[in-house]
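A.B. asks: Input sequences plus hints: build the corresponding full structure.
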Amino acid sequence: MAAEKFITLAIHTYPHAVTLKKILESHGVTVKFESLVISGTGIASGVRVKILETDLPLALKITESAGTFPSAKLEMKMAGSYATVLIPVDFSSDSLLACRAGFELARKLSLHPVLLHAYVTPYFNGNIGYTDSFSGELAPIMGDGMDAMEAMEEEIDMQKESHRMMVAFRKKLDASLLDAGLDDVDYSVNISEGIPEEVILEYCRLTPPGLVVMSTRGVNKKGEQLIGSVTAEVLDSCRVPVFTIPDNFDFTSVDSLKKLVYFCNLDQQDILSVDSLMRMFGYPDVDVTLIPVNDRAGENVKEKVSMLCDYFNKNYPTAKFSFEVFPAKTFREDFENYDRQSGIQLLIVPNKKKNVFSRLFNPGIAHKLLFERDTPLLALPV
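Anchor point for the sequence shown: position 305 equals 310 in the numbering used here, and the numbering is continuous, going up by one each time.
These are calculated hints, taken from the structure and not from any lab test.
There could be a bad hint or two in this list.
[Stated by the list, open to error] The calculated lysine-lysine pairs, modelled on PhoX-like cross-linking and capped at a C-alpha distance of 20 Å, are:
hint, residue 1, residue 2
1, Lys26, Lys10
2, Lys176, Lys165
3, Lys325, Lys263
4, Lys177, Lys165
5, Lys334, Lys373
6, Lys10, Lys37
7, Lys27, Lys37
8, Lys55, Lys26
9, Lys319, Lys334
10, Lys307, Lys334
11, Lys66, Lys37
12, Lys264, Lys113
13, Lys177, Lys263
14, Lys66, Lys26
15, Lys66, Lys27
16, Lys264, Lys325
17, Lys319, Lys55
18, Lys319, Lys307
19, Lys357, Lys373
20, Lys55, Lys27
21, Lys55, Lys37
22, Lys55, Lys66
23, Lys37, Lys113
24, Lys113, Lys263
25, Lys325, Lys307
26, Lys55, Lys10
The structure displayed is predicted, hence computed values, not measured ones.
C.D. replies: Rendered as structure tokens:
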């Protein structure tokens, strides 16, 4: 009798592979691990999660069925995230654009959208949950006499104004969602006191969403906002994926984004990130260009990225992978020329967390691209 054949179901880091193994084995699926290194590149690519070929239908049902865990939700469960899309809003037309993209992603990935608005007062620090009927309790304010009363009155006024503006924004949003055919997506709203970027980061720390979607200003409007941009601060510090969309981008749908660029480091994370993305989005038919940006990749960069490209083409046949290698000295100019000629629609950036001094003097590639391109960007924490 021939031995039963094991096939690869997924590729993960070891901790994520262990989580997936526990989920599968709890349903009676036999699982084993196999280390993966791409031959010739020296890239350690994590762990192959292998199952018996006869268990494939059950394994796919577990990982992709809406009745258990849709693939996107499974990814987020394994990463310790909640199955939500966080959309910070400031009630502008840019926020409506972010909501359009965020709600479409939410429906595509079976996630729940949460709108988050932050307002600032010098006295009060707390948050309220917003529902159709306004209610909330104020935190105690230090002080007494007229100063305390004035602070209390200002806080109440700020809360009421935020509530009023949210109601007006929801009317515009609901009309926009109806026009886009997204009116069937249920959503929640949160109003919090605090500096916007701090509120967003604290929300992501306490209840990490699967994705943050934010609008950005076009390049021609960013000149005076290079310092202190809320989106830039979130990109630099947030440890969940962030999707940004410029206000002047002609967005029609997520599925219309076919021409992608992935900035690769030629390390393990490239394999894991691309594998996760392809499975989350249902193995889309996209054109992905790999562009290495790791100055420490050593020699034979073209050979390494070529092997990585071949690996992706073999494992994701619905997509087309190619690569471009630009010298470090002329990287910006070469990439700008490539961008003009190829019509890039989405930039995908592995985004490493930096301390405050690194962010000031050597901002990451996601931060730079945010200000230099009128192109949607997906930053993936690594």
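A.B. asks: Please work out if Lys176 and Lys165 have their alpha carbons no farther apart than 20 Å.
C.D. replies: Within the cut-off at roughly 17 Å; holds.
A.B. asks: Has the given pair, Lys319 with Lys307, been kept, meaning a C-alpha gap of at most 20 Å?
C.D. replies: 18 Å, holds
A.B. asks: Sort out whether Lys37 lies within 20 Å of Lys10, counting only the CA atoms.
C.D. replies: Answer holds: Lys10 to Lys37 is near 12 Å, not above 20 Å.
A.B. asks: Given the hinted pair Lys319 and Lys55, is their alpha-carbon gap at most 20 Å?
C.D. replies: OK: Lys319 and Lys55 at ~18 Å, within 20 Å.
A.B. asks: For Lys55 and Lys26, compute the direct alpha-carbon distance and say whether it is at most 20 Å.
C.D. replies: 9 Å, holds
A.B. asks: Hey, Lys177 versus Lys263, does the alpha-carbon distance stay inside 20 Å?
C.D. replies: 29 Å, violated
A.B. asks: Run the distance test for Lys325 versus Lys263: straight-line Cα separation, threshold 20 Å.
C.D. replies: 10 Å, holds
A.B. asks: Check whether the Cα positions of Lys66 and Lys37 lie no farther apart than 20 Å.
C.D. replies: With Cα atoms ~19 Å apart, Lys66 and Lys37 stay inside 20 Å; holds.
A.B. asks: Going straight from one Cα to the other, do Lys264 and Lys113 come out at no more than 20 Å?
C.D. replies: Since the Cα atoms of Lys264 and Lys113 sit roughly 19 Å apart, the hinted pair holds (cutoff 20 Å).
A.B. asks: Do the alpha carbons of Lys113 and Lys263 lie within 20 Å of each other, as the hint requires?
C.D. replies: Cα-Cα ~16 Å, so holds.
A.B. asks: Lys66 and Lys26 were given as a pair; does the straight-line alpha-carbon distance stay at or below 20 Å?
C.D. replies: Holds - the C-alpha atoms of Lys26 and Lys66 are around 15 Å apart, at most 20 Å.
A.B. asks: Would you mind confirming whether the straight-line C-alpha gap from Lys37 to Lys113 stays at or under 20 Å?
C.D. replies: 31 Å, violated
The structure fails to meet hints 9, 13 and 23 from the earlier list, while all remaining hints are met.
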